[in-house]
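Q: One letter stands for each residue in the lines below.
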Amino acid sequence: MFGLKADWSTEVFDRYFTIGDYAGGEARWCPGCGDHAVLSAAHRVLRDEQQKPELSVCVSGIGCSSRMPHYMGTYGFHGLHGRALPVACGVKSRRPDLDVWVATGDGDCFSIGAGHWLHALRYNMNMVVMVFDNAIYGLTKAQTSPTTPVGFKTNTHPTGAIIAPHNPLTVTLGITNVSFVAQVVDWNPPLLFETLKAAYRHRGTSFVRIIQRCPVYSDKVVKELQSDPSRFLLLQHEKGLAVDDSALRQFPERTEHDPSDLGRAFQVALDESRIPLGLLYHNPAAPCYEDMSSQGTDFTPEQRLAGLETVLDRLTI
Amino acid sequence: MSKAHASAGREAKILKEHIVEIVSDSGEGAQKCGQTFGTVGAKMGNGVWTVEIIPAEIQPPARSPAGASGIRIRFASHTVTNMGDEADLVVAFNEQVLYSRIANGAYHRGTRVLLEDKWRDDPVPEIREQYAKAVAEFRENGLDVHELPIEKACLAITENPRRGKNMFVLGMLCYLYSRDLDRAKGEIAIAFKRKGAEVIGLNHRLFEAGHAFAAEQLDFRYAVPPQPEEALAGKRFIVTNGNQAVALGVMASGMELVSMYPITPATSASHYLADVYHQVGGFVHQAEDEIAAIGFAIGASYAGKTACTITSGPGLALKTEMLALAVMAEVPLVLVDVQRGGPSTGLPTKVEQGDLLAVLYGEPGDAPKVVLAAATIEECLHFVIMARRLAETFRTPVVLLTDANLATGVQPYPRPEPSAEWLAPPVDQSEWSEDVPPYDWDARTGLSPRPIPGMPGGQYILTGLAHTTHSRVAYDSDSNQLSSEMRSRKLSALASTLNPPTVHGDEDGDLLLVGWGSTLGAIEEAVDRARAEGLAVSCVHLRFLAPLEPGLKEIFARFRRVMTVEINYSDDLKAPLITDETRRYAQLAMLLRGQTLVDVDCWSVVYGHPLQPGMIHGVIRERLAAIQDGGDA
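As they're listed, the protein sequences go chains A and B.
Quick note on numbering: the working numbering labels position 256 of the first sequence as 256, and the sequence is numbered without any gaps.
Quick note on numbering: the working numbering labels position 415 of the second sequence as 415, and the sequence is numbered without any gaps.
In case anyone wonders, no lab produced these hints; they're calculated from the structure.
Quick caveat, the model's predicted, so the values are computed rather than measured.
Worth double-checking, as some hints may not be accurate.
Stated by the list, open to error - Below, computed lysine to any residue pairings styled on SDA-like, alpha-carbon distance capped at 20 Å:
no., chain 1, residue 1, chain 2, residue 2
1, B, Lys185, A, Glu302
2, A, Lys223, A, Asn283
3, B, Lys32, B, Glu198
4, A, Lys52, B, Ser433
5, B, Lys32, B, Arg194
6, B, Lys193, A, Leu315
7, A, Lys52, B, Glu431
To be verified - Derived, one-sided and incomplete: chain B residues facing chain A with beta-carbon distance under 10 Å:
no., residue
8, Asn104
9, Leu218
10, Phe220
11, Gln244
12, Met251
13, Glu288
14, Gly299
15, Ser301
16, Leu423
17, Gly464
18, Pro500
19, Ile578
20, Asp580
21, Met590
Heads up, the beta-carbon is just placed ideally off N, CA and C, and yes, glycines get one too.
I would like the entire structure built from these sequences, with the hints used as guidance.
A: Structure follows, in structure tokens:
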């Protein structure tokens, strides 16, 4: 991953952006937190794409992951708990020229903001939605989240979580007009980078669930997974993600999965004995709501006034 | 037609104004009939105010008092600003729906009732009994009941009178009020334009039959001449309800996005916009819920396209946290709250001015924002235009309060002449100087320029957390105090540019009424009546609620007693256990008491209907008598 290709280019750029142009304030996440890896991967995608920092907006809700905009050198919107998606969609609605990233978490997206999750994916506006899923509420200090495993002890369930967790993949795959669903872990940076890059390049809402370490409150959840590589199932396909040697070494269990096959994607997502990694579903042809919501953004003031006169004429007595 | 012409010679009694109601079961078209009748009047130059009578359900049980659906039209030879007092004439499709209107005090002794008589011979004995009993009761109570075979006459023209009776009744009314027949038929053609020539033809026949029927059956006839030409001053007029006016304001302000969730009585603004917005380059987003609706609008506003969200009480409550975010992060936004009866689901189709304090103080912490209240349908239009400009100039959300009375009231008013200055400027994408922080507050005004995504060098992270001038999360002790001061100072800056409100009536006197919102017309009419009796009463009407218009203390000091008149709840001082100290005041009164330290009294009710001049006139007399008895206030 640290090859020569990234920073050495013979192309002539009007303005050439380096990683530093996409970095904001110093990240204040805990040492060992998986969020750092996601941030680095996002910086790299933007740098490789040479996206102008002023044309990119990172929108978030509330929670550890939602601090991400503060660590970006782009525009950012750190809003309300659970409400990143409506704001992100609003940004895109009349400014489709802006590039939108959403940082949200398992509590933010799957619990308090669950209604928006269902609808924003249906709108399928062009944006990358990264769900940082550490199976716990971190910022408020260790409460059960919608993805906390049964039996895992938290401050709200001291004898262990009592209800089976949500399966965010099956829910997401069930949403009409969904167009890109991927799952990845934070501790394989090449796969994370490839996933975010593919997500960024997809036109539509790219939903990426990132299974992610919280070394302070849910370390055990991830440690158990990391200790048993057979728990993961790496999805491979020529239409899927580029998979490098490190992922092949780390995840020996693999299957061929065509991401255009929604039925198979459901089967893969339903099998909770194996955690799928890679691209579950991809439909590049799903309609995007901004193509409808941006109607008339190109109107001149003269056209607006002429339209208004027509409307008023019909009401005039 | 021949009969209509034959009787057209019957002498019409000339009136200055009349109030007509049409009441029916839901789905019988009374509203379409009344709207068309009102439009004909407006086009002939009458002052007109129409207000719909809407049941809460779509199809409530037939022949039930609670299911009364209808419309009131007040029209005059002068400008009309409110629904008036009791109706002078009512057309009722059945006798049961009249009961609810009687209970609302809608009629006086002598009100003429044109009643469908088919129920008298109904096959169901209970219905026959109900009808006979009701007619006897109505007559005992002084109503002038004319039983008419309306349905029978309609059957001669259509097999389904339920769908055509309304245009038959329109014909009757147009005869009764000597309206211009061609104009009325033109309106029918417009109303049924989408349904084709056959439907228009049928309705024209029903209309003509109704006209002839009234000439034959009724021995009275009226005329309400138009306003004098000079009153119209050669102006062009449009006819809309308040929600359409809000929608027109949105378009005329250059706002390109309305983001909403369906809620009564606000939604019809979006219906209208959805129909015409594409012609001016805008879009209605129907969000998944009220929170998403305002969040979406805030996203667009943050990205440089100031947007509007339109809602009503329960939706306002859900939007609270987002509204506070817009205040905290200084995002321009226009929120229109079409108030209805509360709390909770309350009275969805009925009027109340119950959201004032929620709008001013609903958010945890201090959340200063600009709050305006439209007092007329015309103001619904112009205040939205002002709201967008205020929002962008002061980098703040602006809440515009209207209510169900304005939303469903229909009135002619001068056609706006849209100007490029009303439109939003193009999104600024010029380079931002990196020396200027995103909240570069001017300590005198609290104002600061706003970077917009796309501006090179302007990158900042908007946050709802307490933040520094650089929009970084504030970990120091001073930033929150400073930013709170700056947000509040913007209101002082705006207040310093406002003029004191104008007093209607003498500049001093015994009693000053203070109102806000849709009650303007009724309050002024009541004050004019009282002044005609020699009473020393005046009134003042507030449009800005935050910041308050200046000079109120000085105005209040010139009157012996000051009281607000509002449509929200307050304790009656005469009720059990109520004392000066425990009394809960009406919302504006509470605000004014706190801001002016004047002992502002109040009178307010929550019956769910608009205030009527007669009610307010009674209150004025009563309070003035108390002031005289008490020597002083």
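Q: Run the structure past the numbered hints and jot down the numbers of the failing ones, going up.
A: Structure breaks hints 1, 2, 8, 9, 10, 18, 19, 20, 21.
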